[in-house]
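Using the sequences plus the hints, can you model the full thing?
Those sequence lines, one after another, are chains A and B.
For what it's worth, the working numbering labels the leading residue of the first sequence as 1, then goes sequentially.
For what it's worth, the working numbering labels the leading residue of the second sequence as 1, then goes sequentially.
Quick caveat, the hints were computed from the structure, so don't treat them as lab data.
Because the structure is a prediction, the values reported are computed rather than measured.
One should not assume that every hint holds.
As the list claims (entries may be wrong) - Below, in silico cross-link-like pairs of lysine-lysine (DSSO-like), each with a Cα-Cα straight-line distance of 27 Å or less:
(1) K97/A x K35/B
(2) K92/B x K109/A
(3) K155/A x K61/A
(4) K80/B x K15/A
(5) K155/A x K84/B
(6) K92/B x K15/A
(7) K9/A x K85/B
(8) K109/A x K155/A
What the hints assert, rightly or not - Here are the in silico distance ranges between beta carbons for each label pair:
(9) Y28/B x I130/A: 37 to 45 Å
(10) K77/B x S136/A: 53 to 61 Å
(11) F64/B x F135/A: 47 to 55 Å
(12) Q63/B x I138/A: 42 to 50 Å
(13) E56/B x N16/A: 23 to 31 Å
(14) F113/A x F64/B: 15 to 23 Å
(15) N32/B x Y93/A: 14 to 22 Å
(16) Y163/A x D12/B: 34 to 42 Å
(17) S79/A x K85/B: 53 to 61 Å
(18) E61/B x F113/A: 20 to 28 Å
(19) K85/B x K99/A: 32 to 40 Å
(20) V81/A x K62/B: 39 to 47 Å
(21) E61/B x H47/A: 22 to 30 Å
Claimed, not checked - Which stretches of chain B does chain A cover? Using the computed rule of at least three CB atoms under 8 Å from a CB of chain A, they are:
(22) 12–26
(23) 33–46
(24) 80–93
No residue lacks a Cβ here, since even glycine has one placed at the ideal position from N, Cα and C.
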Amino acid sequence: MGNQKDYLKDISDIKNIMNRSTRFISLSGLSGVLAGVYALIGAYFAHGIIQNIRSTQNQYKRFFVVFDSIEPLVLIAFSVVILAITTGVILTYRKAKNKGEKFWSSSSKRLLFNFLIPLITGGMFCIILIQYEYFSLIAPVTLIFYGLACVNASKYTLGGILYLGLSNIILGLIATQYIGYGLYFWAIGFGVFHILYGTLMYFKYERK
Amino acid sequence: MGIIENINKVFDHRIRLGMMSILMVNDYADFNTLKELLNVTDGNLASHVKALENAEYIEIEKQFIGRKPNTRYLATKLGKIAFKKHINALEKLINN
Numbered sequence: 001m002g003n004q005k006d007y008l009k010d011i012s013d014i015k016n017i018m019n020r021s022t023r024f025i026s027l028s029g030l031s032g033v034l035a036g037v038y039a040l041i042g043a044y045f046a047h048g049i050i051q052n053i054r055s056t057q058n059q060y061k062r063f064f065v066v067f068d069s070i071e072p073l074v075l076i077a078f079s080v081v082i083l084a085i086t087t088g089v090i091l092t093y094r095k096a097k098n099k100g101e102k103f104w105s106s107s108s109k110r111l112l113f114n115f116l117i118p119l120i121t122g123g124m125f126c127i128i129l130i131q132y133e134y135f136s137l138i139a140p141v142t143l144i145f146y147g148l149a150c151v152n153a154s155k156y157t158l159g160g161i162l163y164l165g166l167s168n169i170i171l172g173l174i175a176t177q178y179i180g181y182g183l184y185f186w187a188i189g190f191g192v193f194h195i196l197y198g199t200l201m202y203f204k205y206e207r208k
Numbered sequence: 001m002g003i004i005e006n007i008n009k010v011f012d013h014r015i016r017l018g019m020m021s022i023l024m025v026n027d028y029a030d031f032n033t034l035k036e037l038l039n040v041t042d043g044n045l046a047s048h049v050k051a052l053e054n055a056e057y058i059e060i061e062k063q064f065i066g067r068k069p070n071t072r073y074l075a076t077k078l079g080k081i082a083f084k085k086h087i088n089a090l091e092k093l094i095n096n
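Spelled out as structure tokens, the structure:
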């Protein structure tokens with residue numbers, strides 16, 4: 001049967017193009033590792049500032065220390081997010097170029113759209129929590145919604161992100177039982193889990 | 001003998017097979033998306049679109065996005081059934 005090889009190739013072509021037309025495969029694993037590293041560095045500095053607040057015994061003095069701490073904490077948070085997104089975009093753009101996949105294509109748009117639905121919902125929910133002063137739930141809620149965003153996005157990219165999402169959802173639920181330790185859970189979820197996920201993806205798909 | 005009959009001539013080309021694969025897993029695809037995914041020229045793609053259209057395996061939807069005309073392609077019910085038959089036939093051939 002001389003044509004057998006052609007038929008096999010047909011089947012593998014079909015599989016390949018079905019995947020390529022529904023999934024954005026150039027998401028960079030390395031950028032996941034770096035995002036995790038930024039998160040851990042951010043958490044380290046934030047931890048220092050928070051320790052400083054906790055160690056201040058005097059009530060009045062403490063008020064001013066808290067007041068002075070808000071700005072650097074917000075600055076750390078924004079720096080981590082912006083650095084992570086920028087790195088992610090640059091590395092993914094490079095990877096897409098290497099693979100001959102278009103960076104801004106219908107599959108990457110679909111991936112982003114589905115990732116953002118739970119993420120923006122979670123963000124708005126956090127603002128509502130701040131409005132009602134339920135500060136203690138913010139850390140768990142961010143982890144849970146970020147996890148849901150990853151799970152939702154997993155249908156439109158390489159599979160590994162599903163496990164990152166599930167781990168963050170579980171971690172977020174556990175975090176609800178340890179109020180006051182939000183920063184540590186953030187460091188695990190956004191730091192350690194990202195590094196683990198990124199490393200696995202890097203070795204599975206990027207290092208040839 | 002029976003197996004060979006199920007091998008569909010219309011799908012016996014890389015580009016038509018690719019187009020149909022894309023339309024099986026996506027609700028629709030526009031001309032440019034197909035072009036990028038299949039890596040073909042306009043003229044080449046257009047002729048294969050015609051072939052699938054003539055077989056009534058795909059349908060064409062013309063619409064406007066803002067002011068730009070946009071053409072998108074969908075697999076018909078007939079096309080999906082034919083494609084599934086074709087795949088089954090391929091698998092049988094390989095297993096034999």
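For each hint, the structure was consulted:
no.	hint	result
1	K97/A x K35/B	holds, 17 Å
2	K92/B x K109/A	violated, 37 Å
3	K155/A x K61/A	violated, 51 Å
4	K80/B x K15/A	holds, 16 Å
5	K155/A x K84/B	holds, 23 Å
6	K92/B x K15/A	holds, 17 Å
7	K9/A x K85/B	holds, 17 Å
8	K109/A x K155/A	holds, 13 Å
9	Y28/B x I130/A: 37 to 45 Å	holds, 41 Å
10	K77/B x S136/A: 53 to 61 Å	holds, 54 Å
11	F64/B x F135/A: 47 to 55 Å	holds, 49 Å
12	Q63/B x I138/A: 42 to 50 Å	holds, 44 Å
13	E56/B x N16/A: 23 to 31 Å	holds, 27 Å
14	F113/A x F64/B: 15 to 23 Å	holds, 22 Å
15	N32/B x Y93/A: 14 to 22 Å	holds, 20 Å
16	Y163/A x D12/B: 34 to 42 Å	holds, 40 Å
17	S79/A x K85/B: 53 to 61 Å	holds, 57 Å
18	E61/B x F113/A: 20 to 28 Å	holds, 21 Å
19	K85/B x K99/A: 32 to 40 Å	holds, 33 Å
20	V81/A x K62/B: 39 to 47 Å	holds, 42 Å
21	E61/B x H47/A: 22 to 30 Å	violated, 56 Å
22	12–26	holds (count 8)
23	33–46	holds (count 4)
24	80–93	holds (count 4)
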